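Okay, here's what each chain looks like letter by letter:
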Amino acid sequence: MTDSRIDFTAADHAAELARAGAHVTGWRGATLLLIRRYPLGAIGAVIFTLFVFAAVFADVVAPMDPLSTNSRASLAAPSATYLLGADFMGRDVFSRLVYGARISLAVGLGATALGCLFGILVGLLSGYLGGWIDLVVQRVIDIMQSLPLLVMALVMAASLGPSLRNTIIAIAIPLVPNVARVIRSNTLSLREMPFVEAARAVGMGELRIALRHVLPNTLAPIIVLATAQLGSTILTEASLSFLGLGVPEPHPSWGRMLSESAAEYVRTAPWLVIFPGVAISLIVFGTNLLGDAVRDILDPRQRS
Amino acid sequence: MPEAAAKPVLEVSGLKKHFPVRKGLLRRTVGHVFAVDGVSFSIGEGETLGLVGESGCGKTTVGRAVLRLVEPTDGSIRLDGADITGLRKAELRPHRRKMQIIFQDPFSSLNPRMSAGDIVAEPLGVHRVARGKALRDEVAALFERVGLRRAQMDAYPHQFSGGQRQRIGIARALALNPKLIIGDEPVSALDVSIQAQVINLLMDLQRERRLSYLFISHNLAVVEHISHRIAVMYLGRIVEHTDKKTLFTNPLHPYTEALLSAVPVPDPAIKRKKLVVQGDVPSPVRPPPGCHFHTRCPYAVDRCRIDSPALREVVPGHHVACHLR
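Going line by line, the protein sequences match chains W and F. Counting along the first sequence from 1, when you hit position 85 you're at 85 in the UniProt record's numbering, and nothing is skipped either side. Counting along the second sequence from 1, when you hit position 251 you're at 251 in the UniProt record's numbering, and nothing is skipped either side.
The shape of chain F in the complex, shown without the other chains (with noise of 0.2 angstroms):
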């Protein structure tokens, strides 16, 4: 799929969000953790925006902000045309039918007290979209959907695999019809398996629904396959963004280098030119100054230590925040 359409389906730019860190008995603001520190991008209908990085790197927080579910710092998030930035929680709740989320864990998102049945229609009861027996309807069409059995309405979480769990979780975040789904790690806590089930379930239902997704992993073969773009996250910054042919053929950013040499090749002849990157990545409570990746890039330059590069569009439809590109 192209760039994104005409008219994105979410557009945030600037985004931050920072963590404010108390301490002492009258818990004063000590510092802040930058865990988003300005993230720009938009997605556009039936598009999927990969959005890769290590563990800390801010790329949950971005999802969970996106949702409100965390109070963005700074920024604006337009979801469907409407800015949603400031809106209170009873102005954002119409808005909410619009996006959903699923989680990483099939365990600890589904309330153990409740049925499968009564999970997946508690957003269409929230939303009074229907009730009796046409809720009982909807939510039996939502299981065959995602491929468990309307009997299975009645079983709880633990009935169910790890799997099964996952598309509970997919069926609820489709009730109300969304046009964006936030998946954030959602198939992490899988097996490999059932990994590749998911995914071509979550882009069956692409195709079927033109949903949006943001699709949050640190699983580069999982983005690959199920993006149209890939955004790359470093300490709470897009390092580079762009298709996810040009993202894999031909990465500008070393930080992307360093992450594609990383991914193991099941094909022990293919020799392949190694970019490690050493050390840790920095705390983002004290993020270097200039480029967040100057303290681990081997080719840092001087004025990568003072100068923090802007996202530029270096090649049409490539955006690259760094120096020497």
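The shape of chain W in the complex, shown without the other chains (with noise of 0.2 angstroms):
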């Protein structure tokens, strides 16, 4: 694939910026870069690096143990010991929400990531090829898209059986339709487009000009899709565990101590709603920020 790309010796930060980030050399410049030009982006991505920290030195950042009960806390407000309260068991809120993160995570970038791949393949498959592989897969696809989300995922969840893995395949597939549908018709435009021509004229082949020349211009939606979906597919993870189909207890999710503690203790205990929904918000919030620099980045348009 690279054979033909040129290695240009970059002047300025701002095209090194532009390789994608692949190959930065002045990490420190490019970091300022990312800073100035792109504030937004960089609260996003400073949201989304702790709460990958979090999640991955749970062990260290946690100051409990999230699944020890404490019957004496019970309900506990927020306080010096427990600094976002206790839930009914006396669990510590704070560390279920550390400890929370690595699920949630896992299955919100897991499933959104799969979800996108297949439909990017799908999509693309679908687009470019055309002809009876396009009509039966957008047959498929309707079928998919004529389920609701949740009830996609509850049948996914409920045949697979409940697991880290299970659910993120069950919440993944159900985004397959709606990735594809995208990346589709914007893949039918581009591969009348006359540079894909010049690139058939030059004779590459068909392989290479879908991901060289079709897949690249379609990164923008891929994007926009992706973050938006992120926010979803946590929630989705969140009813697939209050029904019992998602993460097994006693795992903490953000999602399931969301919806469990919901319409029990919203009035009286309501930090046990007001965090981990904090925490939805702001892992979504910082996603979209860092999604829509991202894009921009990779816009060559938007660059200069």
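Think of the hints as simulated: they come from the structure by calculation, not from any bench. Being a predicted model, the structure only gives us computed values, none of them experimental. Backbone N, C-alpha and C define an ideal beta-carbon position, used for all residues, glycine too. There's no promise every hint is true.
[Unchecked claim] A partial selection of chain F residues facing chain W, derived with a Cβ cut-off under 10 angstroms:
1. His95
2. Val126
3. Ala175
4. Ile182
[As the list claims (entries may be wrong)] So the derived label-pair ranges between C-beta atoms look like this:
5. Thr31/W with Asn219/F: 47 to 55 angstroms
6. Phe53/W with Ala90/F: 47 to 55 angstroms
7. Glu91/F with Leu32/W: 49 to 57 angstroms
8. Val140/W with Gly31/F: 30 to 38 angstroms
9. Met144/W with Gly31/F: 31 to 39 angstroms
10. Ser281/W with Asn219/F: 39 to 47 angstroms
Combine both chains into one complex, guided by the hints.
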């Protein structure tokens, strides 16, 4: 793929940043530029990094065991000991949120990535090849789209059984049709572009044209879609867990923390509802900001 | 320049392209668009053949079919002595080096996500002509040849003007050092002042590299300037084909006559005999029987409505498809 690519020794950091950040040399300069040019994106990156950090180093960050119960601390309000309060079983909400980041991020990012990957593949093939392949694929997608996302995920989760991996798969599959549709419609218009014809006139293979000329030009909608889906995947996981089909107890996930306490404790112990909700909102907000910045950075027209 | 040289670079004979018209759930073919309906011509080394006609007459399809970007329905294409008509993709690849295309739209013909340098380098990469430093040097040389600066290689298409973008397109077409370049309305989207620059660049390149051009355009003035010979197309067929001087001084086909009288002359004092054609071009889905032009031809006789005229050499070097000549 890379043989026809020229390695330019770019003079300024803008061009370095342009190369998808893949081989950015001056990290400091690139970071400063990112902050200056995309301040919102930088905020998003910070939020995202913090959550990922918390998830990876949960053992160090969390002050308590997220699973250990304490009847005396049942529904304790936020205090110095219980930073964000404690739940009905006296488990520390902050620690549970930190550990919950593991599951929620794994599910959110995993399902979004998996769903988008397959969606892109299906959409690109369907749109680029056309003909009867396209016809069959589109009818299957019609069938999938006629079922609500949650119902699809429920059926998937129920048949696969509860586990982290199965939850990711169950949530990813219903995403595929949406992504595929968007990518297909983009591909349909892109494959008729003269620059695609030029590549064909040169004798470039169809697969290479699809990957090099069509796919990069569908990047913007992919990123927008992916960041928009991230929030909904985390919430779908919450619904599945609430119904006992998600990641099994007692492992904490933001979605389940929220949905379990929403009905019962919203008036008596609002911290049980507020903090998981804030965590979900923050990660969705952060990834949206980050996604917008990444989309702009990857688009040459937005750069100069 | 004279008639096609001893060995033509491109020889097209009996080229046809019929696009199926599909309808309904089962996508049944209910008819055909007769875009190109039996076109023959040849282009010699260092020669430019201008292909003119109004929009929808099939001239662009001829260009695409020669490049095998659309599959010809019938006919044969010989490139540099080799028949490339039936070749499969892989077999066609080495021949692709010999022919390239310049597009009309300088915006959509360049991938917005690739730098200008990468765009020009791509053909060289695909055919593994050069890599690394050699590739970069070659691309730089191409940039300089078409009047762009070496430093502009890192810039992206949106940072260039229309004329500069067209130069990038020319550099890409030149990269593989082809024998034949098909220009599909290569200057139609440009400002008039820029048109002249690009045309001059194309003519300079032709002299330097003995390039052959198939120059497709609806602009007669531009075609007159760049071409050695001109073929006039109407509804999928060539109706007249001769050297440019003869065509402009002594057109024999009524359609050519009408086309020429529609060209504005920048001198209000000159009174010209005007042949104004009535009506619209018939649909290429249902072309009229006989001579395709008879529905609008002021001279049409009964025979024209039944019998399709062949392209005949009426005067040496002057081919016309008309019963009346």
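| Honestly, which of those hints from before does the structure not fit? | Of the numbered hints, just 10 does not hold.
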